[in-house]
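**Student:** Chains as they are written, first to last, in the working numbering: chain A, 1 to 425; chain B, 1 to 199; chain C, 1 to 192.
Simulated from the structure, these hints should not be mistaken for laboratory data. Quick reminder that beta carbons are idealized off the backbone N, C-alpha and C, glycines included. A couple of the hints might just be wrong.
Unchecked claim - Quick look at which bits of chain C chain A covers, simulated, 3 or more residues with Cβ under 8 Å:
(1) 35-48
(2) 115-121
(3) 130-143
(4) 160-174
Residue strings, one per chain:
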Amino acid sequence: MAVAARPPLAAGPPVYEGTRIPRPIPTVLQVDPALREEGDVLEVNFGPNHPSTHGVLRLVLDLNGERVVGLKAVIGYLHTGFEKNMEAKTYWKAITYAPRMDYVAFQANEYGFVAAIEKLLGIDVPPKAVWMRTLLLELNRIHSHLVWLGTGALELGAISMFWYCFRERDAILDLFEMVCGFRMHTRYFQAGGLAEDIPIGFYEECQKFCDVMPERIDEYEAILDQQAIFLARTQGIGLLAADDAIALAQSGPVLRASGVDWDIRKNEPYLAYGDVDFNVPVYTHGDVYDRYRVRIEEMRESVRIVQQCLDGMPDGPWTSDNRKVVLPPRHELHTSMESLIHHFKLVTEGYRVPEGEVYVAIESPRGEFGCYLVSDGGPRPWRVKFRAPSYVVLEATATVMSDALVADLIAIVGSLDNVMGEADR
Amino acid sequence: MAVERKRLADFGLNSERLLMTKLGPKKGEPAKFERELQPLEERLMLTTVEKAVTWAQGSSIWPDTFGLACCAIEMMSIVSSRYDVARFGAEVFRSSPRQADLLIVSGRVSHKMAAPLKQIYDQMLEPKWVMAMGACASSAGMFNNYAVLQGVDKIVPVDIYVPGCPPRPEAVLEGIVRLQEKIKAGVPPAYEIRRAAEG
Amino acid sequence: MDHAAVPGFVERKDAYGETTIVVERERLVEAALHLRDELGFNFLADVAAADYLGWGASGVAGYWGSPPPSEQTREWTPPARDLNAPGSWGLQRVPEPKPKRFSVSYHLLALGPTPRRIRLQVWCDDGEPVSSVVEVWPTADWHEREAWDLMGIAIEGHPNLARILMDDDWEGHPLRKDYPLGGEPVRFSDEE
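Isolated chain A (complex conformation):
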């Protein structure tokens, strides 16, 4: 467990006593009526088109001078109707929708949905697919944290971080493109395994990335960690205590920065996470800086996991041979009538998933990504509901923003790392 030793902050205790969740509404910071009577409270609209809100988040702020005394988050500007649309599609077409929710951690969403289907199907996934999924999910985690780091630092004025982070992001996207032919929204996972075999040359390219990435993370730290402005703008603001974080069901880096040692990869292992060695970084101050630290450390751990996946990648089939779920190989269509029928049925009707309801939770880069899937036994999902960590993290805005200055708002909201596509779904 890596817990950083950091000198105590100059002003006040690092994490407060008691709870700061506003009452009676936990997600709205209401202005003190006495303060409003004085007449100095200014209501300011922040968003939905603002470069620093990570999408179309709208915050209605009440300012008393520089101080935020009231806050209400308004979401829904990117509501896309994913859940309704997926009900109208067969399962294997619905997989295409899932990555478009969290467009920074697309494969995590994709896997969350595929895992729910597989849980209902009870299908066996070959080990090569399991390890490849682990590898890609970790690459995706690095990708997500890079985008967060680049844009988050950019909002604090460190524009050079943006160039560095997007350089490595493109390197990861090249790997994704190599695997499935597209940079984002890969739809590489499907029920039963992977959509295609791992291409020739992928391991070498991925190894190059693993070799260079730790140094790059050192570079990021060298840029940010020694910069007085960055430290002053991140340390000791946006506080969230462990109890409040659990009560608000925070997850992922936000929870771990508040001192709660909880990582679904570690505590409820899925895929190959039980077989790889990695640490879960936990920090205790619960401020913006610790969220940054957690993500930086997670990138290092992810590189380690990717390396272990490369070393331990088993050989064998990349997808299940269950012909009722997985498309038959192309060459069989010319020789086998059975395969042709299966292909036809799968493409036109889709596979049927046994009746039942499941909830699958995975650790996306933003936290617990859950998929609640109800099947009636037909080829289309009856109900899909996603537990979006971005949606839940925005519930904490009122708590983390209490007593904050408006200038810190960018840093605080940025540190929550919300992706509006996932929050609004």
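Start from chain A and add chains B and C according to the hints.
**Tutor:** Just chains B and C now, with coordinates in the frame of chain A:
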């Protein structure tokens, strides 16, 4: 054929301060200013004001940071060092619509977002262009449902459509280049065409 | 764990390695408090509402099975089909009937060294109020607003029950089964 070159004095320009006649080699010969101006005149190009204006407009398209969904991430990456939209003079992303020329609608527009989008478009100063980036902005793509506006051209006139889900940064760059060609060729912005069509 | 001690306990279902506790709608808050304080489920991961209108009838959500049999002959078999077995293709039976139209599932997690997950479920019909659990788990705030907004679950006692994802003046609850998918008709598809 030697052209009889007229002196500035023949045009009635006799200001001693401007011509710096005292800096000339001899009295009566072209002074320093005229000698410097002469090669410049030979290199000058004649054009129309319209062409000069469209050239300037096309070469400095400032996009608005209007990030909506997946495409916004790819829109950000056109600024990054690998793609470097600065080569085409469009790297200056402006957060205020009043300073922007190009609205890149990057992602799906929900009905709830339609009003802010229209407002932002109306706040932009003319001439202004709109790029529908990606399948969702162009036609709602795979989201044919209750929540999503079925194509952003229902509320704002679109100049250029970039296909893809999301389009690669190269595709966005090509969209910008095509838009520049369109501007430089003198094609009026889409809102003017729509206005003319609607009478 | 003694789930029968949960106030308002109706039934317990175990499927796919997950435990579902169905409780009476009127005693939801009591049950929630019991689960939180006695059984240690301190983390509310998700609140998921589902609409079962048309469940088991053909033509809804791609269900292509036979029409539901009469009440007397209706027999439900657990979902244990081997998809690889010959002749197992296709839906042979009607899905398990649901007690009411809507289900609201609370996915709980006991965050700790030995994590446990459980699903707390209540059933309601259109208009029947479901008590808010904001006082038990503050995170339920937005989840319940979403259940109201998209599914029309009448949450009772919520401090700020307003639409969250749709516009304030939106009519209807989009995720209900009787709400059309919307959009524009596409040529050469069934929607035209």
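**Student:** Just to make sure I understand the rule, a stretch counts as covered if three or more of its residues have a C-beta closer than 8 Å to a C-beta of the chain. Does the segment 115-121 of chain C meet that for chain A?
**Tutor:** With 3 residues in contact (Cβ-Cβ under 8 Å with chain A), the coverage given for the segment 115-121 of chain C holds.
**Student:** Please verify the coverage claim for the segment 130-143 of chain C: does it have three or more residues whose C-beta sits within 8 Å of some C-beta in chain A?
**Tutor:** holds (count 6)
**Student:** Within the assertion that chain A covers the segment 160-174 of chain C, do at least three residues meet a Cβ-to-Cβ distance smaller than 8 Å?
**Tutor:** holds (count 7)
**Student:** Are there three or more residues in the segment 35-48 of chain C whose C-beta lies within less than 8 Å of some C-beta in chain A?
**Tutor:** holds (count 6)
In this structure, every one of the numbered hints holds.
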